Amino acid sequence: AQSVTQLDSQVPVFEEAPVELRCNYSSSVSVYLFWYVQYPNQGLQLLLKYLSGSTLVESINGFEAEFNKSQTSFHLRKPSVHISDTAEYFCAVSWDSGYSTLTFGKGTMLLVSP
Amino acid sequence: DTGVSQDPRHKITKRGQNVTFRCDPISEHNRLYWYRQTLGQGPEFLTYFQNEAQLEKSRLLSDRFSAERPKGSFSTLEIQRTEQGDSAMYLCASSLAQTSTDTQYFGPGTRLTVL
Chain U
1 AQSVTQLDSQ VPVFEEAPVE LRCNYSSSVS VYLFWYVQYP NQGLQLLLKY LSGSTLVESI
61 NGFEAEFNKS QTSFHLRKPS VHISDTAEYF CAVSWDSGYS TLTFGKGTML LVSP
Chain C
1 DTGVSQDPRH KITKRGQNVT FRCDPISEHN RLYWYRQTLG QGPEFLTYFQ NEAQLEKSRL
61 LSDRFSAERP KGSFSTLEIQ RTEQGDSAMY LCASSLAQTS TDTQYFGPGT RLTVL
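Chains U and C, in that order, are what the protein sequence lines are.
Oh and the first sequence: position 67 is 67 in the numbering used here, straight run, nothing missing.
Oh and the second sequence: position 71 is 71 in the numbering used here, straight run, nothing missing.
Pulled out of the complex, with its shape left as it was, chain U reads as follows (with noise of 0.2 Å):
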């Protein structure tokens, strides 16, 4: 079965540290990967995707995400966090099936202190 796998359940970092959250997949076909933060009694909010093309991409506020297609891997990093950075963090895979059912990971609860 495919899987998503975000092995640290909760990841705490002095504020200006930099952070990585670990993602791994599952898969043998074409995948397309996804992360979302959720802030506290929030909906999902997406920070960034990979379709195709570059490996490495950027959202706008300073996080960046690598695709790594013989590690399955699509870490999430910052170089350095703030404080409103605190939410929970979830890998989501889509596989090339026709359509784009998410298949998301535990989550990661990304703690910041000053």
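The hints are simulated quantities; they were obtained by calculation from the structure and are not laboratory data.
Here the structure is a predicted model, which means the values were calculated and not measured.
Don't take every hint at face value.
Under the rule of at most 30 Å between Cα atoms (straight-line distance), these lysine-lysine pairs were calculated in the BS3-like manner [stated by the list, open to error]:
{"id": "1", "chain 1": "U", "residue 1": "Lys-106", "chain 2": "C", "residue 2": "Lys-11"}
{"id": "2", "chain 1": "C", "residue 1": "Lys-71", "chain 2": "C", "residue 2": "Lys-57"}
{"id": "3", "chain 1": "C", "residue 1": "Lys-57", "chain 2": "C", "residue 2": "Lys-14"}
{"id": "4", "chain 1": "C", "residue 1": "Lys-57", "chain 2": "C", "residue 2": "Lys-11"}
{"id": "5", "chain 1": "C", "residue 1": "Lys-71", "chain 2": "C", "residue 2": "Lys-11"}
{"id": "6", "chain 1": "U", "residue 1": "Lys-49", "chain 2": "U", "residue 2": "Lys-106"}
{"id": "7", "chain 1": "U", "residue 1": "Lys-106", "chain 2": "C", "residue 2": "Lys-57"}
{"id": "8", "chain 1": "U", "residue 1": "Lys-106", "chain 2": "C", "residue 2": "Lys-14"}
{"id": "9", "chain 1": "U", "residue 1": "Lys-106", "chain 2": "U", "residue 2": "Lys-69"}
{"id": "10", "chain 1": "U", "residue 1": "Lys-49", "chain 2": "U", "residue 2": "Lys-69"}
{"id": "11", "chain 1": "U", "residue 1": "Lys-49", "chain 2": "C", "residue 2": "Lys-57"}
On the provided structure of chain U, position chain C as indicated by the hints.
Below, chain C alone, put in the same frame as chain U:
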């Protein structure tokens, strides 16, 4: 704001009651998805519409659940004879189908608590 909207945002009900949730997608979007998110988990796919046609249903969607999208606009998700295990956040997403993959935009969700 022309994002995805959901109503109500919160619903508390007693076991055995029926509940109905509504989702209004982004106006030009022809695909609409329902997901369920329980505590500590990522969202799980429930069902999907393209225009008014319901094209896919997850095995998570028991026969107590029914979804409709009349006229290909808003959608409703009804749960009959609610059980405590139905307590979750129900998320709606919409997208514009252009290729085999399109970007889904999510609403704020409806949080259901079954007592």
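Okay, the hints, checked on the actual structure:
Only pairs whose Cα atoms come within 30 Å are accepted, and U:Lys-106 paired with C:Lys-11 is accepted, the gap being roughly 24 Å. For the proposed pair C:Lys-71 and C:Lys-57, the alpha carbon gap of about 19 Å is at most 30 Å, so the pair holds. For the hint pairing C:Lys-57 with C:Lys-14, the CA-to-CA distance comes to about 26 Å; that is within 30 Å, so the pair holds. Proposed proximity of C:Lys-57 and C:Lys-11 is supported: the alpha carbons are some 23 Å apart, at most 30 Å.
Distance hint between C:Lys-71 and C:Lys-11 is fulfilled; the C-alpha atoms sit about 26 Å from each other, no more than 30 Å. Taking the CA atoms of U:Lys-49 and U:Lys-106, the gap is about 18 Å. The hint holds against a cut of 30 Å. Note on U:Lys-106 and C:Lys-57: the hinted pairing holds, with a Cα-Cα distance of about 21 Å set against a maximum of 30 Å. At most 30 Å may separate the alpha-carbon atoms for a hinted pair to count; U:Lys-106 and C:Lys-14 meet this at roughly 28 Å.
Among the hinted pairs, U:Lys-106 with U:Lys-69 is consistent with the structure: their alpha-carbon atoms are about 21 Å apart, no more than 30 Å. A C-alpha spacing of about 15 Å is found between U:Lys-49 and U:Lys-69, which places the hinted pair at or below 30 Å, so the restraint holds. Distance hint between U:Lys-49 and C:Lys-57 is fulfilled; the C-alpha atoms sit about 25 Å from each other, no more than 30 Å.
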